[in-house]
Amino acid sequence: MNTHIQIQDLNVYYEKNQALKNINLDIPRDQITVILGPSGCGKTTLLKSINRFLELTDGTHVTGRVIIDGKNIYDPDIDVTDVRKKAGLLSQRPCPLPMSIYDNVAYGLRLHGHKKGKSLDKKVEHYLQAAGLWDEVKDRFDSPAARLSIGQQQRLCLARGLAIEPEILLGDEPTSALDPLSAKHIESRLHELKQAYTIVLVTHILRQARRLADYVVFMYLGELIEYAPANQFFQNPQEERTRSYLEGEI
Amino acid sequence: MKKKSLFQRKHIEECFYMFWMSFSFLLLIGILIFILITVISKGLPALDIAMLTQTPKGGFYLGKEGGILNAILGSLYLAGGATILSIIISLPLALYLGSYIQNTKWADVVRLSLDVLWGIPSIVYGAFGFTIMLFFGLRASLLGGIIVLTLLEIPIMCRAMEEVVRLMPEELSHASLALGANRMETATKVVARQALPGLMTAILLAFGRAIGDAASVLFTAGFSDQIPNSIFRPAASLPLAIFFQLGTPFPEVQERAYASALVLTVIVLTISFGSRWLAQRLSRFSIK
Chain A
880 MNTHIQIQDL NVYYEKNQAL KNINLDIPRD QITVILGPSG CGKTTLLKSI
930 NRFLELTDGT HVTGRVIIDG KNIYDPDIDV TDVRKKAGLL SQRPCPLPMS
980 IYDNVAYGLR LHGHKKGKSL DKKVEHYLQA AGLWDEVKDR FDSPAARLSI
1030 GQQQRLCLAR GLAIEPEILL GDEPTSALDP LSAKHIESRL HELKQAYTIV
1080 LVTHILRQAR RLADYVVFMY LGELIEYAPA NQFFQNPQEE RTRSYLEGEI
Chain B
1473 MKKKSLFQRK HIEECFYMFW MSFSFLLLIG ILIFILITVI SKGLPALDIA
1523 MLTQTPKGGF YLGKEGGILN AILGSLYLAG GATILSIIIS LPLALYLGSY
1573 IQNTKWADVV RLSLDVLWGI PSIVYGAFGF TIMLFFGLRA SLLGGIIVLT
1623 LLEIPIMCRA MEEVVRLMPE ELSHASLALG ANRMETATKV VARQALPGLM
1673 TAILLAFGRA IGDAASVLFT AGFSDQIPNS IFRPAASLPL AIFFQLGTPF
1723 PEVQERAYAS ALVLTVIVLT ISFGSRWLAQ RLSRFSIK
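Chains as they are written, first to last, in my numbering: chain A, 880 to 1129; chain B, 1473 to 1760.
Treat the hints as calculated values from the structure; they're not laboratory data. Glycine residues also receive a C-beta, built at the ideal position from the N, C-alpha and C atoms. Be aware that a few hints might be false.
Among the chain A residues that face chain B by a calculated CB cut under 7 Å, a handful are [what the hints assert, rightly or not]: (1) T960; (2) R963; (3) K964; (4) L968; (5) C974; (6) L976; (7) P977; (8) M978; (9) G987; (10) L990; (11) P1023; (12) A1025; (13) I1043.
Taking lysine-lysine and the BS3-like style, the derived pairs with C-alpha atoms no more than 27 Å apart in a straight line are [said to hold, decoys possible]: (14) B:K1661 with A:K1002; (15) A:K1073 with A:K950; (16) A:K1017 with A:K994; (17) A:K965 with A:K900; (18) A:K965 with A:K1073; (19) A:K950 with A:K900; (20) B:K1529 with B:K1514; (21) A:K997 with B:K1661; (22) A:K965 with A:K1001; (23) A:K1017 with B:K1661; (24) B:K1661 with A:K995; (25) A:K1002 with A:K1073; (26) A:K997 with A:K1017; (27) A:K1002 with A:K965; (28) A:K997 with A:K965; (29) A:K1063 with A:K965; (30) A:K1073 with A:K1017; (31) A:K965 with B:K1661; (32) A:K1002 with A:K1017; (33) A:K1063 with A:K1073; (34) A:K994 with B:K1661; (35) B:K1661 with B:K1760; (36) A:K994 with A:K965; (37) A:K1063 with B:K1760; (38) A:K1001 with B:K1661; (39) A:K965 with A:K950; (40) B:K1514 with B:K1536.
Given the sequences, and given the hints that come with them, work out the whole structure.
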């Protein structure tokens, strides 16, 4: 297994509450790793530790290491914007930026030094195509992103995340606010994108995990209970708690 | 039986509040209409082109020829200059308060100070400005007026802007941060953009206060029958023009005071509607 993200001895505290307890995890490159678990088990916290989003909440304290490309992203000499540039984020509810469809995608590109002009247009087109939105918006680039349907907005957010040219895609239950068809759209995109991106996905939908996962992490009350290739995880779980979760008991 | 009386009581209560609300509303509308009618009916007959295009000639305050162009331009210069200066100071402060330090102790101290400054009567600002000007050996001037009006505007503008920034949804700035933007880029490119209509309202609120204020410019900007041609010369303003004209014993001059009031009202209304229209256009891209 070609490891992309190494999480070592990770502990996360919100004020006095410990949200993650001594997590050790190697996330493989160019695969989909799904984080499963009941609500409040620390799934999202684990996800947010990968793009240093935890520090946006006051009173959060992190110990341990998250190593991406050989560098611990929590080292004091690491620029947090570089960390976030490496990981595109899809949140639960899509949140387009208050600008046109075009500018939503171009925002990240411009941020990281891309100049105006033809090549910017090309890139915007490229990422809209990668997110499967191009055909629906190519005639109305300048209209406000807020006018898109929520499913389209989520794909716009995907295009926007891809446009910063990350290595990793993080998804925090990215289909939970969407209608079934839009959810399917996003899922098939993720399936395609794993050729080139390491994808980490939080979900509480078991069937979605079965459809998408190459590897599964099962979390319970802040602890990592089981981590295994998807087949093994679903066919032959090793831990008692995993079994009861899969059977819908916890 | 008991149930019915409860129902009746609730009904009476509702009627009472309904009546109270309607009364307050009608009173408010009545006052507004009364003010407009007074200003228009008394001011319109005295309003002519000369009034708007000429400065006071000799004997203007005795009822002879001239106009209030000096005061119109003076007021626009004073309030316009002060509003621009206030934006330069308030916008960064509001963004910093609302999106960087938010709920820290330090932010609360800044907020409290702004609230206290907001509550200070404008004549006190005027007196304060006058003292400072004496200290530096300055005379009443356009510059002095602009500076004091800026002080008057900052707390209003800043608090109103901060409220707008603080009500921004958190996901919006998170979306920008997730793309590798720093806080500065997020504040200026995303938060400010979403907040633009609200920021316009804040600016307007402050401008309205400044253009209508007489007490703070009384000593600091002074009054002059000329159109100010330098920021170091005294400048007239509409509120003071109204004050001086109303204070004369001549009915035709008093009528001109109402005409001046009409001009001031029209200016404020124009800017108010104009910026509302602009805010609506700007909110085209806003996330609801």
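- Message: Please list, smallest to largest, the hint numbers that this structure does not respect.
- Response: none
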